[in-house]
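Participant: Residue-level listing of the chains:
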Amino acid sequence: GESVGLHLPTLSVQEGDNSIINCAYSNSASDYFIWYKQESGKGPQFIIDIRSNMDKRQGQRVTVLLNKTVKHLSLQIAATQPGDSAVYFCAERGTGGGNKLTFGTGTQLKVEL
Amino acid sequence: DVKVTQSSRYLVKRTGEKVFLECVQDMDHENMFWYRQDPGLGLRLIYFSYDVKMKEKGDIPEGYSVSREKKERFSLILESASTNQTSMYLCASSLIPGQGAYEQYFGPGTRLTVT
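Protein chains in written order, with our numbering: chain U, 1 to 113; chain W, 114 to 228.
Simulated from the structure, these hints should not be mistaken for laboratory data.
Hints may contain errors.
As the list claims (entries may be wrong) - What follows is a list of derived Cβ distance ranges for each label pair:
#1 U/Gln14 - W/Glu130: 46 to 52 Å
#2 U/Glu39 - W/Ser120: 18 to 24 Å
#3 W/Arg127 - U/Ser28: 44 to 50 Å
For glycine and all other residues, C-beta sits at the position ideal for the given N, C-alpha and C.
With the rest of the complex left out, here is chain W (with noise of 0.2 Å):
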């Protein structure tokens, strides 16, 4: 079974303080994906990666950048926190198009408050 994990379930941040949420997938696929999710907006997408130290700003970029060094950690990072970050956010992972599947597998998610 494909496993994505996040590093942390719970974490509490104060404003201005940079922020790193770590994403590791055990499956040896491609993509991968940093969501953020609000009630009643259904997930957005943040940035993507579809390769190593390769990236693409999803819907919602702004005041979040990624980093991926190896191909199965995805990091995403908050320069500088502000309270409309606080936020659940969820890591995926999925085959690259022409692999047959565009199932995306998600991790269990961070709940990530920002006071």
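Next up, chain U with everything else stripped away, as it sits in the complex (with noise of 0.2 Å):
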């Protein structure tokens, strides 16, 4: 039969305001994180990235955040316009060698008019 997704976490925001969008990262020994974004249809696109050795990190309209005491990283996204709306990943890169990234789940921003 037909098999029914998980729903993605939804974060809806009127425009202009700021979006923060958080992630739990596994792996205590990763040293680099990233967020993508991805709108419908499309792949993944590089928005920021931040190493271990960084707390926080500024883009334009940007910043990411790491808090490695409790694993966990968020982005901040300043004067949301409509075409942030898309799902937001992050991805961690661990100790396995090589490019590898493990990526969370997503969330879903939806910026409301």
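Since each chain comes alone in its own frame, lean on the hints to assemble the complex.
Facilitator: Pasting the structure below:
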């Protein structure tokens, strides 16, 4: 029979508000973290990254915060716009070598006008 | 800009068919990856390759094989497609560690339906 997929967590924000998307990672030895944005029908696109020796990194309208104590990563989007509507994934680079990334399941961001 | 292309956006195959998904990158990246993406499960790594003719199993390699005969091209093969392989397939590429960046660049995806 037809399988039903799991529903993604959804964050709804008003246009112009700030958005905060959270991610819990699994490996305390991970040394690199990255956020991707995936719009409907497209592949994931890089937003911002951070290394484990940093707590915060800022880009254009986006900020990533890393709390290694509780293994938590967050993505803050300032002045959210309709074009920010997408699924956002965090990913971590563990100790397995190479450039392997382990991805979270994603959060759906919906921007309401 | 890095460009990763995949041979098809949409593909419909029958159970038992052999399926080839092709991926090409134009940035001379050493690493290439194949993922499948299913609702609520995120991206799961099927296989990856860190050099020509080299391959390593990812987290869910069963039912799949890969081929990397040229640096820019990485193929995913479903030897005998089954309905549980209906999914979105994403290809990615990246530089090797030590070159300062771990970012993976993704293609647009191939939505495969097996009937």
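Participant: Starting from the range 46 to 52 Å, see whether the pair U/Gln14 and W/Glu130 falls in it by beta-carbon distance.
Facilitator: holds (48 Å)
Participant: CB of W/Arg127 to CB of U/Ser28, is that within 44 to 50 Å?
Facilitator: holds (46 Å)
Participant: Range first: 18 to 24 Å. Now tell me if the beta carbons of U/Glu39 and W/Ser120 are that far apart.
Facilitator: Roughly 21 Å apart at Cβ, these two residues keep to the hinted range, so it holds.
Comparing the model with each numbered hint stated earlier shows that all of them hold.
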